[in-house]
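Starting from the known structure of chain A, arrange chain B on it as the hints suggest.
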Amino acid sequence: GESVGLHLPTLSVQEGDNSIINCAYSNSASDYFIWYKQESGKGPQFIIDIRSNMDKRQGQRVTVLLNKTVKHLSLQIAATQPGDSAVYFCAEKGGNNRLAFGKGNQVVVIP
Amino acid sequence: DAGVIQSPRHEVTEMGQEVTLRCKPISGHNSLFWYRQTMMRGLELLIYFNNNVPIDDSGMPEDRFSAKMPNASFSTLKIQPSEPRDSAVYFCASSPKAGEQFFGPGTRLTVL
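In order, the protein sequence lines correspond to chains A and B. At position 12 of the first sequence (counting the first as 1) the number is 12 in the working numbering, and the numbers step up by one without a gap. At position 48 of the second sequence (counting the first as 1) the number is 48 in the working numbering, and the numbers step up by one without a gap.
Bound conformation, chain A alone:
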């Protein structure tokens, strides 16, 4: 997509290393959280989600950690690959069906 880039926090990571992307959310009543990945020219793509009754969830090469005490969410990507280069958004959902998105973090994988 057009969105993001110039004003985003950027994480540069060597291929094969692990990446950690952090997100602070705002609503203590949010009970559902999602990480999305957006590659250039595409829409956001679901990576992994977690509900507020959990503090960790693992997927394929990705792990999401939730710390409700400090309202913090993180995404860990193991063995980062060039295809992981993208903008990553966290999103939170409260009592309604709306998702509130963070500003995004740019990840650049160095071959």
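No lab work stands behind these hints: they were computed from the structure. Glycine included, every Cβ here is placed at the ideal spot set by N, Cα and C. Be aware that one or more of the hints could be misleading.
Computed cross-link-like contacts, DSS-like style, restricted to lysine-lysine with a CA-CA straight-line distance of at most 30 angstroms [claimed, not checked]: (1) B/K24 x B/K78; (2) A/K68 x B/K68; (3) A/K71 x B/K78; (4) B/K78 x B/K68; (5) B/K68 x B/K97; (6) B/K97 x A/K42; (7) A/K42 x A/K71; (8) B/K68 x A/K42; (9) A/K103 x A/K42; (10) B/K24 x B/K68; (11) B/K24 x A/K103; (12) A/K56 x A/K42; (13) B/K97 x B/K24; (14) A/K56 x A/K68; (15) A/K103 x A/K71; (16) B/K24 x A/K71; (17) B/K97 x B/K78; (18) A/K103 x A/K68; (19) A/K103 x A/K56; (20) A/K56 x A/K71; (21) B/K78 x A/K103; (22) B/K97 x A/K56; (23) B/K68 x A/K103; (24) B/K24 x A/K56; (25) A/K42 x B/K78.
Here are some chain A residues pointing at chain B (derived, C-beta under 10 angstroms) [stated by the list, open to error]: (26) R98; (27) G104; (28) Q106.
For chain B alone, coordinates are given in the frame of chain A:
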């Protein structure tokens, strides 16, 4: 499953013209969302529908913007008249009940 379908993928128009963006959600999903994404403001929710009924349109910037969902398989977002500051990528997303949102590829709108 073809995913969320949006058309057109790109639209270039002149200020003052009417623009209509189209979206076909994933079959069986009962919620549909329209977002706008810009460098300055990020991803903003404009409006969302539940079972074809608009639930929250508080994100619609002004009266020039309108959205409809005449049936479960089709929605439109209309801008009339369009202005250069409307230039953005517009995404449609759909979700099943209480589930994750699936995004379409977006429509890149340029208003000259």
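Hints, verified against the model:
1. In summary, the hint linking B/K24 to B/K78 is supported, as the alpha carbons are separated by about 15 angstroms, within the 30 angstroms threshold.
2. Using a Cα cut-off of 30 angstroms, the hinted pair A/K68 and B/K68 is violated, with the two alpha carbons roughly 37 angstroms apart.
3. Only pairs whose Cα atoms come within 30 angstroms are accepted, and A/K71 paired with B/K78 is rejected, the gap being roughly 37 angstroms.
4. At roughly 8 angstroms between alpha-carbon atoms, B/K78 and B/K68 fall within 30 angstroms of each other, so this suggested pair holds.
5. For the hint linking B/K68 to B/K97, the alpha-carbon distance of about 20 angstroms falls within 30 angstroms, and the restraint holds.
6. Our distance criterion of 30 angstroms between C-alpha atoms is met by B/K97 and A/K42, whose separation comes to about 24 angstroms.
7. Between the alpha carbons of A/K42 and A/K71 the distance comes to roughly 29 angstroms, so the proposed pair stays at or under 30 angstroms and holds.
8. Using a Cα cut-off of 30 angstroms, the hinted pair B/K68 and A/K42 holds, with the two alpha carbons roughly 24 angstroms apart.
9. For the hint pairing A/K103 with A/K42, the CA-to-CA distance comes to about 17 angstroms; that is within 30 angstroms, so the pair holds.
10. Taken as a hint, the B/K24 and B/K68 pair is honoured in the structure, with Cα atoms around 12 angstroms apart against an allowance of 30 angstroms.
11. Note on B/K24 and A/K103: the hinted pairing holds, with a Cα-Cα distance of about 27 angstroms set against a maximum of 30 angstroms.
12. Taking the CA atoms of A/K56 and A/K42, the gap is about 28 angstroms. The hint holds against a cut of 30 angstroms.
13. Note on B/K97 and B/K24: the hinted pairing holds, with a Cα-Cα distance of about 17 angstroms set against a maximum of 30 angstroms.
14. A hinted pair counts as satisfied when its Cα atoms are at most 30 angstroms apart, and A/K56 with A/K68 qualifies at roughly 11 angstroms.
15. As the CA atoms of A/K103 and A/K71 are separated by approximately 16 angstroms, the hinted pair is consistent with the 30 angstroms bound.
16. Of the supplied pair hints, the one linking B/K24 and A/K71 is violated, its CA atoms being roughly 35 angstroms apart against a limit of 30 angstroms.
17. With a C-alpha separation of about 26 angstroms, the suggested pair B/K97 and B/K78 falls inside the 30 angstroms cut-off, and the hint holds.
18. Distance check on the hinted pair: A/K103 and A/K68 sit about 20 angstroms apart at the alpha-carbon level, within 30 angstroms; holds.
19. Pair hint A/K103 plus A/K56 holds up; C-alpha atoms about 22 angstroms apart against a cutoff of 30 angstroms.
20. For a cut-off of 30 angstroms, the pair hint linking A/K56 to A/K71 stands: about 14 angstroms separates their Cα positions.
21. The hinted pair formed by B/K78 and A/K103 meets the criterion: a straight-line CA distance of about 26 angstroms does not exceed 30 angstroms.
22. Distance check on the hinted pair: B/K97 and A/K56 sit about 23 angstroms apart at the alpha-carbon level, within 30 angstroms; holds.
23. About 28 angstroms separates the Cα atoms of B/K68 and A/K103, which keeps this hinted pair within 30 angstroms; it holds.
24. For the suggested pair B/K24 and A/K56, the alpha carbons sit about 34 angstroms apart, so the restraint of at most 30 angstroms is broken.
25. Straight-line distance between C-alpha atoms of A/K42 and B/K78 comes to about 22 angstroms, which keeps the hinted pair within the 30 angstroms bound.
26. Annotation: interface hint on A/R98 holds; nearest CB of chain B at approximately 6 angstroms, less than 10 angstroms.
27. A least Cβ separation of about 6 angstroms between A/G104 and chain B falls short of the 10 angstroms threshold, and the interface hint therefore holds.
28. The restraint placing A/Q106 at the interface with chain B is violated, with a minimum CB-CB distance near 12 angstroms, outside the 10 angstroms limit.
In summary, the numbered hints that this structure violates are 2, 3, 16, 24 and 28.
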